[in-house]
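Make the full structure from the sequences, and use the hints.
Spelled out from the first residue to the last, the chains are:
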Amino acid sequence: MLRPVPGPAVGRPAGPVAARMRERMERLQPLHRSLTGDGVRESLAVLGESVPLRVRTVPSGARVFDWTVPEEWSVRAAYVADGSGRRVVDVAEHPLHLVGYSTPVRARLGLDELRPHLHSLPEQPDVVPFRTSYYTRDWGFCLRHRDLLALAPGEYDVVVDTTLAPGELTYGEVVVPATGVGPGGRAGQAEVLVTSHVCHPAMANDNLTGLTVAVELAAHVAALPQRRHAYRFLFAPGTLGVLAWLARNPDLVPRVRHALVLTGLGGGGPLVYKQTRHGDRGIDRAVRHVVGRRGGEVRAYSPWGYDERQLNAVGFGVPAGRLTRTPHGEYPEYHTSADDLAFVGDDELVDALEALTEVVDVLEHDAAYTNLAPYGEPQLGPRGLYPATGGRSADEEVMAMLWTLGYSDGATSLLAIAETAGLPFATVRAAAARLAAAGLLAERSR
Amino acid sequence: MLRPVPGPAVGRPAGPVAARMRERMERLQPLHRSLTGDGVRESLAVLGESVPLRVRTVPSGARVFDWTVPEEWSVRAAYVADGSGRRVVDVAEHPLHLVGYSTPVRARLGLDELRPHLHSLPEQPDVVPFRTSYYTRDWGFCLRHRDLLALAPGEYDVVVDTTLAPGELTYGEVVVPATGVGPGGRAGQAEVLVTSHVCHPAMANDNLTGLTVAVELAAHVAALPQRRHAYRFLFAPGTLGVLAWLARNPDLVPRVRHALVLTGLGGGGPLVYKQTRHGDRGIDRAVRHVVGRRGGEVRAYSPWGYDERQLNAVGFGVPAGRLTRTPHGEYPEYHTSADDLAFVGDDELVDALEALTEVVDVLEHDAAYTNLAPYGEPQLGPRGLYPATGGRSADEEVMAMLWTLGYSDGATSLLAIAETAGLPFATVRAAAARLAAAGLLAERSR
Amino acid sequence: MLRPVPGPAVGRPAGPVAARMRERMERLQPLHRSLTGDGVRESLAVLGESVPLRVRTVPSGARVFDWTVPEEWSVRAAYVADGSGRRVVDVAEHPLHLVGYSTPVRARLGLDELRPHLHSLPEQPDVVPFRTSYYTRDWGFCLRHRDLLALAPGEYDVVVDTTLAPGELTYGEVVVPATGVGPGGRAGQAEVLVTSHVCHPAMANDNLTGLTVAVELAAHVAALPQRRHAYRFLFAPGTLGVLAWLARNPDLVPRVRHALVLTGLGGGGPLVYKQTRHGDRGIDRAVRHVVGRRGGEVRAYSPWGYDERQLNAVGFGVPAGRLTRTPHGEYPEYHTSADDLAFVGDDELVDALEALTEVVDVLEHDAAYTNLAPYGEPQLGPRGLYPATGGRSADEEVMAMLWTLGYSDGATSLLAIAETAGLPFATVRAAAARLAAAGLLAERSR
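Chains as they are written, first to last, in our numbering: chain A, 24 to 469; chain B, 24 to 469; chain C, 24 to 469.
Hints are supplied without guarantee of correctness; some may be wrong.
[Said to hold, decoys possible] Ranges of calculated distance between the beta carbons of each label pair, as one might list FRET restraints:
hint, chain 1, residue 1, chain 2, residue 2, range
1, B, Gly407, C, Ala115, 31 to 41 Å
2, A, Pro145, C, Gly407, 51 to 61 Å
3, B, Arg77, A, His301, 27 to 37 Å
4, C, Thr186, B, Gly407, 21 to 31 Å
5, B, Arg77, A, Gln249, 34 to 44 Å
6, B, Val421, C, Asp369, 36 to 46 Å
7, C, Glu320, B, Gly407, 33 to 43 Å
8, B, Gly352, A, Gln249, 54 to 64 Å
9, B, Asp135, A, Gln249, 45 to 55 Å
10, C, Glu178, B, Gly407, 43 to 53 Å
11, C, Glu116, B, Val421, 27 to 37 Å
[As the list claims (entries may be wrong)] Quick look at which bits of chain C chain B covers, simulated, 3 or more residues with Cβ under 8 Å:
hint, region
12, 320-334
13, 337-346
These are calculated hints, taken from the structure and not from any lab test. Even glycine gets a Cβ: it sits at the ideal position worked out from N, Cα and C.
Given below as structure tokens:
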């Protein structure tokens with residue numbers, strides 16, 4: 024079971040939670056993550072300090088559906104030195120300086136020969152871009168455009184001291200089991216799957232924010248007294264990591280009722296929810312409600328982005344939405360060295376975490392109820408549920424009870440009622456609880 | 024059967040109808056109505072002068088679903104007098120001065136003790152508010168805030184000379200039967216239910232307007248040569264009255280195909296239709312069409328308002344819409360002494376009545392027809408249905424025939440055709456009649 | 024089979040196609056077309072020079088559903104001469120001067136008697152209006168309002184030297200058969216029907232444009248290497264012509280999967296597509312996509328217009344849309360002598376033809392595909408389908424492949440994917456072809 028955690032974020036002052044999330048990001052930031060390798064293992068170890076994370080491995084060469092797990096990549100050193108021996112670009116200075124999965128090189132090259140291996144952003148001359156070459160054997164360096172322009176003609180010593188050798192792909196898995204709340208006290212089989220990619224080096228919004236928020240969310244659901252769903256959190260390299268989990272767990276895939284990909288939760292801008300491929304699944308309704316009430320934005324699915332495109336694939340059909348703030352590619356700091364710890368805000372992370380706990384609340388408690396006093400409006404006054412003096416506008420609490428009674432036909436869910444009424448789910452859920460306690464409402468078995 | 028009435032409103036000059044509606048309101052205005060009592064009985068007697076109204080009673084103490092019929096409330100006198108004997112508030116001056124269902128009191132109280140029993144509107148210092156305490160035994164007075172502020176400290180004599188004693192709840196029912204127009208000349212079983220609450224004292228828009236318009240509508244449908252539906256009008260105290268009817272007539276409830284609650288039809292503003300809980304019933308389609316073409320407004324259902332919330336309850340599922348002008352709570356005169364006969368306009372009442380007769384026309388005559396010359400467009404010219412010279416734009420009458428022929432597939436109703444064509448229902452109905460007379464169209468049995 | 028034609032318009036410089044379309048219109052313009060007669064026969068002969076057109080005839084007096092084929096109308100001469108013998112209006116000057124189907128007259132009339140037979144447009148005093156009197160025996164002249172005002176009182180000689188005599192109604196039919204592309208190489212039974220009315224005299228936009236574009240479209244589909252559908256083009260008098268085809272081909276009517284009425288394609292304004300009666304048929308989806316991406320307009324069905332109202336009639340249910348530019352009655356030149364060859368533009372005709380070839384492309388190639396590597400995203404790189412260096416935005420070609428893979432569940436069509444993706448159908452179709460060639464996708468049999 025879960026080891027003790029500082030406790031759920033919700034209902035606690037934002038300060039400690041924010042500090043905890045930031046401290047975790049600061050420890051993760053300098054680790055050299057990639058698709059494989061020690062950086063991923065070290066990162067999983069940091070995450071596992073707060074939640075009972077199990078490390079899973081898949082050997083190099085293993086087939087994962089259409090893919091093959093690549094060799095493991097290790098970096099000892101990588102730099103370019105000019106004729107005077109001065110290192111003009113060096114991975115020791117910043118992980119982004121080396122193109123991910125660069126093959127080993129030791130050569131003296133003229134600037135003309137070197138140039139095709141150098142990547143910069145002319146329109147953002149002061150930042151280092153992020154590049155990888157996972158599936159094509161190549162090498163390269165990324166540098167500030169300003170520095171690239173300053174390179175003098177002449178000969179350069181190139182050292183890429185890397186290893187590509189059989190090893191493994193590594194990902195972390197945290198499982199919070201369901202509790203016995205179903206009919207007969209049986210634990211449900213349905214799962215909620217949350218994924219966050221662990222392969223991006225150095226950058227904070229993409230994706231230290233997803234990782235640190237997912238850890239807090241795991242702690243939150245573990246602290247819930249009851250859970251209708253099991254919750255599974257994957258901290259895995261993009262694409263190949265989640266595909267490996269899907270390949271190894273064919274029996275679990277159909278149990279995933281709701282899935283959510285978390286990334287980019289700390290930059291500016293409102294929350295942005297990207298719907299599942301079908302756009303009408305339970306996770307869509309839940310997150311639309313929560314994000315909509317927080318002034319966030321809802322977008323249609325597209326087959327571009329993060330692990331949602333694997334989960335939503337035709338062969339799996341896992342209904343996976345994605346929660347971010349400003350999505351990838353839409354802010355200038357994206358995939359550059361400017362996506363650093365100063366770029367992400369504590370308030371944004373806490374707000375994202377609160378939204379996610381609200382989503383969990385909907386997933387756990389949305390249900391259809393049956394009105395047990397369906398012949399007209401029951402008397403609320405004698406049951407202590409209604410203000411005594413008539414003629415005044417009823418307050419939101421009373422209205423939530425009237426909406427719930429008026430629509431609880433055994434088929435309409437509380438979330439649907441909340442949406443129709445324009446009320447928060449939590450208000451309608453509380454009204455349903457009050458009415459159920461008064462014997463006016465009964466939950467339909469789900 | 025119905026006794027002779029002055030005849031239907033439609034097609035007659037607005038003057039006499041408006042005068043008749045106003046005269047009826049003037050006679051109803053001073054009667055002391057409440058949930059029960061003589062005021063309701065006297066009001067029903069006035070309404071029954073124009074339509075064959077039957078008075079129904081339910082004894083105090085009777086269970087009505089979740090409710091119990093309260094004791095009957097009679098008021099002989101009620102006032103507050105100051106030390107000099109001057110009555111500072113007196114129900115004899117205006118029915119709203121006494122909180123409805125106030126319990127008997129005879130006491131001398133200091134202003135501090137009296138104060139919690141006095142209700143006023145600080146933001147509207149010159150009007151008397153309307154308050155009731157039907158289900159909590161209490162007493163109180165309502166007065167102008169200006170008068171309340173003028174009360175000097177000191178002792179006051181309070182007299183509430185009321186009786187709460189076993190008696191009855193009273194409501195009125197008018198039934199206009201269907202005529203034999205169905206297949207084989209049989210009268211239909213389907214009913215249209217119209218309700219208007221009779222429990223509000225003194226106020227004109229809420230609800231003398233609903234009562235007087237409902238009476239005229241009853242007279243109108245009674246004068247129709249044929250009726251596919253029976254029409255039932257209830258003049259009943261809010262909530263408990265309609266629930267009593269529902270409780271006593273379980274066999275009739277499933278026959279109610281369309282229901283409409285009438286109130287607040289005389290204030291300013293456009294007609295406002297509140298849809299049924301489902302929002303897609305026949306009454307919704309009919310009233311949306313009529314009110315929409317008159318520039319009115321359509322709103323979603325909410326479980327707050329008048330008797331529509333009882334009728335739409337999950338246990339009954341009667342599709343009840345509500346027609347008002349500016350709805351309750353949205354105009355400052357609402358539930359105050361400012362809602363007087365000067366506040367309601369004759370033109371607004373006549374307009375509401377006309378809209379309702381159009382709704383009846385849709386309910387009575389909407390049907391799907393089958394095109395009997397379905398292979399292309401039939402020749403209208405030789406049948407005398409078409410202008411002889413081609414090349415000009417056809418007028419609305421011809422267009423209505425073409426829309427009707429073009430869509431009459433035995434499933435699409437005339438109202439649906441009218442909506443698609445953007446034409447008034449009456450125009451399409453007339454076109455269908457002309458085409459049926461020419462042998463080009465036949466009504467499907469409904 | 025088809026005789027050699029200059030080749031399909033698409034992919035060729037606009038110049039020759041435009042010139043060919045204009046030359047055809049110039050030859051058609053002076054012919055005296057009407058519902059019947061030599062003008063129609065001569066026009067069909069001109070059209071038949073480019074495509075293998077068969078002439079069909081229906082004898083006068085034949086019943087066509089609710090209609091009867093009228094007598095054939097021939098004009099030898101028609102004029103009005105004043106007392107001095109000067110012809111003030113003469114059909115020899117312009118075909119529109121004589122009301123279509125005018126009965127023979129030879130009389131001397133005072134201006135007062137003559138006046139009801141003269142038609143002009145006071146608001147457009149310099150143009151001659153178009154009038155017919157097909158089904159009411161009458162005669163009349165159309166003239167410029169300016170000329171009508173100049174007529175002096177006095178006696179006029181009226182000569183209408185026409186014949187109404189048993190003859191025939193004539194229409195042209197071009198059939199381009201399907202090729203064997205179905206399962207087992209069988210040719211499909213489904214047809215695409217294109218109609219364009221041939222009865223309007225003198226006017227260019229209405230309808231020389233529809234005729235000349237339809238001829239080019241017929242040549243285009245005939246040059247396609249494969250056709251899933253047969254394509255049938257009708258060049259027929261309005262209403263009666265298409266009804267005659269429907270009456271004579273009861274077995275073919277159910278095979279018409281898509282129908283399109285072409286007219287008014289050369290005036291200004293964007294393309295305007297009028298949907299079928301149901302609004303959700305395959306032809307609607309195809310043309311909405313094409314016209315929408317070209318900035319055109321989509322309108323709802325109405326039972327007014329051209330042959331679409333016969334085809335969409337309840338008894339046939341042929342899903343017929345209509346493509347025009349500014350629709351009939353919405354431009355001042357409509358049905359007047361101002362609708363001449365200068366009013367129509369070459370670029371507009373070529374643009375309309377291109378849009379129609381795109382529609383044909385959708386009708387021929389839209390299908391649902393099944394993703395053969397459905398477990399996550401397949402590797403595009405090793406198959407040469409993907410840019411080698413990651414981290415950059417994928418281009419439209421890659422996105423089209425991802426959309427196609429992501430949605431190809433064996434039920435979602437390429438057109439639906441294109442609409443969801445906001446991509447042109449052609450781009451998605453090309454992506455599907457590339458993926459199918461790589462073994463990643465297979466077309467479901469349709």
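Inset, instruction - Determine whether the Cβ-Cβ distance between Glu178(C) and Gly407(B) falls within the hinted range of 43 to 53 Å. - result: violated (35 Å)
Legend entry - Supplied distance hint 27 to 37 Å, evaluated on CB atoms of Arg77(B) and His301(A): Cβ of Arg77(B) to Cβ of His301(A): about 56 Å, so the range 27 to 37 Å is violated.
Inset, instruction - Given that the region 320-334 of chain C was listed as covered by chain B, double-check it with a C-beta distance under 8 Å for 3 or more residues. - result: holds (count 6)
Legend entry - Outcome of range test on Cβ distance (Val421(B), Asp369(C); 36 to 46 Å): Holds - the Cβ-Cβ distance for Val421(B) and Asp369(C), about 37 Å, lies within 36 to 46 Å.
Inset, instruction - Just tell me: holds or violated, for the beta carbon distance of Glu116(C) and Val421(B) against 27 to 37 Å? - result: holds (33 Å)
Legend entry - Hint check for Gly407(B) and Glu320(C) - Cβ pair distance inside 33 to 43 Å: Taking Cβ atoms as reference, Glu320(C) and Gly407(B) lie about 37 Å apart, which means the hint holds.
Legend entry - Beta-carbon spacing of Gly407(B) to Ala115(C) - inside the hinted bounds 31 to 41 Å or not: Between Gly407(B) and Ala115(C), where Cβ atoms are some 36 Å apart, the hint holds.
Legend entry - CB-CB spacing for Gln249(A) and Gly352(B) relative to the 54 to 64 Å hint: Taking Cβ atoms as reference, Gly352(B) and Gln249(A) lie about 40 Å apart, which means the hint is violated.
Legend entry - Cβ distance range 34 to 44 Å for Arg77(B) and Gln249(A), holds or violated: With a Cβ separation near 56 Å, Arg77(B) and Gln249(A) fall outside 34 to 44 Å, so the hint is violated.
Inset, instruction - Could you say whether the range 45 to 55 Å given as a hint is met by the Cβ separation of Asp135(B) and Gln249(A)? - result: holds (51 Å)
Legend entry - Cβ distance range 51 to 61 Å for Pro145(A) and Gly407(C), holds or violated: violated (29 Å)
Legend entry - Claimed coverage, the region 337-346 of chain C by chain B - three or more beta carbons nearer than 8 Å: Coverage by chain B holds here, the residue count being 3 at a Cβ distance below 8 Å.
Consistency note: the structure conflicts with the earlier hints numbered 2, 3, 5, 8, 10.
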